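Asker: The residues making up each chain are set out below.
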Amino acid sequence: MSVPTRSRGQREDGHPDSRLARRQRRLEELLEAAGVVTGAELDAILDRYLATAKPANGARVVARAWVDEGFRHRLLADGNAAVAELGFSMGGGIQPQLLRVVENTPRLHNVVVCTLCSCYPLALLGPSPSWYRSEAYRSRVVRRPREVLEEFGLHLPGHVEVRVWDASAETRYMVVPRRPAGTEGMAEDALAGLVTRRGLIGTAAV
Amino acid sequence: MKDEGGATGRALEPPRSGPGAEGSPPGERFRPGETVVVKALDPPHHTRAPRYVRGHRGVVVEVHGVHPRPDDVVTGAHPPAMEPVYAVRFSAADLWGEGDHSVTVNLWEAYLEPLPLQGTGP
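Residue numbers (my numbering), protein chains in the order written: chain A, 1 to 206; chain B, 1001 to 1122.
If you are wondering where the hints come from, they were derived from the structure by calculation, not from laboratory data. This one's a predicted model, so the numbers in the text were calculated from it and none came from an experiment. Cβ atoms here follow ideal geometry from the backbone N, Cα and C, with glycine treated the same way. The reader is advised that the hints may include incorrect statements.
Claimed, not checked - Ranges of calculated distance between the beta carbons of each label pair, as one might list FRET restraints:
1) Ala187(A) to Gly1076(B): 50 to 56 Å
2) His1046(B) to Arg140(A): 22 to 28 Å
3) Glu1062(B) to Ser18(A): 38 to 44 Å
4) Glu1062(B) to Glu184(A): 28 to 34 Å
5) Glu1062(B) to Glu85(A): 19 to 25 Å
6) Ser1091(B) to Glu85(A): 33 to 39 Å
7) Ser139(A) to His1078(B): 33 to 39 Å
8) Glu147(A) to Leu1117(B): 37 to 43 Å
9) Ser1091(B) to Glu188(A): 34 to 40 Å
10) Arg1031(B) to Leu108(A): 19 to 25 Å
11) Ala1077(B) to Leu27(A): 19 to 25 Å
12) Arg1031(B) to Glu69(A): 28 to 34 Å
Construct the entire structure; sequences and hints are all you get.
Answerer: Structure, rendered in structure tokens:
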């Protein structure tokens, strides 16, 4: 079987690539040689993610949940089925992932982390921000989430319960932030424009 | 990175015999609301039980389907054991000795054991 010429990890200007990129390419070669995944599969997955994965997807899901009570209930009960109503899928990776959507309330704040690496729902949030992958965030948010959230500019009153979700297996978590006050008259599209990637992770109010 | 293995120590036991040992999904051993203890594992290979919950007590809050056990996948066991994965909630005070929050971690069934029976000593 011929392996397609791969360009990921190689710099376009022809200079030697970084140690990390070399390591990544070597890992890909080993996975391909072991028959775990083919280069064509990896390329197809990355192309699909780069073409469609963005936080605007998660924002659309949240806005729908804010305006449609039935959808909100379905989303919290079965994330995969609910996001499929909007044309989104959690099946873009090597194996389908379970989507668990958790909702913030006046008395409960959720925040997501992957302490073992950097898992989160890529299809709905786009590529993860560098801080999400940092050891500082991953190690500190499980231990002192209120302190970490303060550093993000989010102050939670003491009566608000904080739940940290560690995506250590095949489940991916997304947060539904609280709908901001004063947005009662806003259309769904405009509401989606209020939602940020940090809000979907739980490190911002919305 | 997901390489949480150490150089020495106890590894997971082999898959149990009977249903589930050959890749057919076993029934769930634990139920939501049940208190469990994460085994104090320290296998010489990749595992997905984060160190910070090993040996700690938590409560099963949700069951998240049946998935191949990563320890088997990485060590090349064919077929890997298919096991329920649980969302287990830990209190920060228990994990860290401080904090009023909770941390919910996804754990394969083999990482967990029932709470030991109390009051069985002399």
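Asker: Does the beta carbon distance between Ala1077(B) and Leu27(A) stay inside 19 to 25 Å, or does it fall outside?
Answerer: holds (21 Å)
Asker: CB of Arg1031(B) to CB of Glu69(A), is that within 28 to 34 Å?
Answerer: About 30 Å separates the Cβ atoms of Arg1031(B) and Glu69(A), which means 28 to 34 Å holds.
Asker: Honestly, do Ser139(A) and His1078(B) meet the 33 to 39 Å range at C-beta?
Answerer: holds (35 Å)
Asker: Take a look at whether the Cβ-Cβ distance between Ala187(A) and Gly1076(B) falls inside 50 to 56 Å.
Answerer: Since Ala187(A) and Gly1076(B) have Cβ atoms about 54 Å apart, the given range 50 to 56 Å holds.
Asker: Range hint 33 to 39 Å: satisfied by the CB atoms of Ser1091(B) and Glu85(A)?
Answerer: Holds: the Cβ-Cβ distance is about 36 Å, inside 33 to 39 Å.
Asker: Is it true that the C-beta distance of Glu1062(B) to Glu85(A) lies inside 19 to 25 Å, as the hint says?
Answerer: For Glu85(A) against Glu1062(B), whose Cβ atoms are near 22 Å apart, the range 19 to 25 Å holds.
Asker: Could you check the hint for me, namely that His1046(B) and Arg140(A) are 22 to 28 Å apart, CB to CB?
Answerer: holds (24 Å)
Asker: 28 to 34 Å was suggested as the range; check whether the CB atoms of Glu1062(B) and Glu184(A) agree with it.
Answerer: Between Glu1062(B) and Glu184(A), where Cβ atoms are some 33 Å apart, the hint holds.
Asker: Regarding Glu1062(B) and Ser18(A), is the given constraint of 38 to 44 Å on their beta-carbon distance met?
Answerer: holds (40 Å)
Asker: Kindly confirm whether 34 to 40 Å is satisfied by the beta carbon distance between Ser1091(B) and Glu188(A).
Answerer: holds (38 Å)
Asker: Determine whether the Cβ-Cβ distance between Arg1031(B) and Leu108(A) falls within the hinted range of 19 to 25 Å.
Answerer: holds (23 Å)
Asker: Can the suggested window of 37 to 43 Å be confirmed for the beta-carbon pair Glu147(A) and Leu1117(B)?
Answerer: Distance hint for Glu147(A), Leu1117(B) holds at roughly 38 Å.
When held up to the earlier numbered hints, the structure conflicts with none and fits them all.
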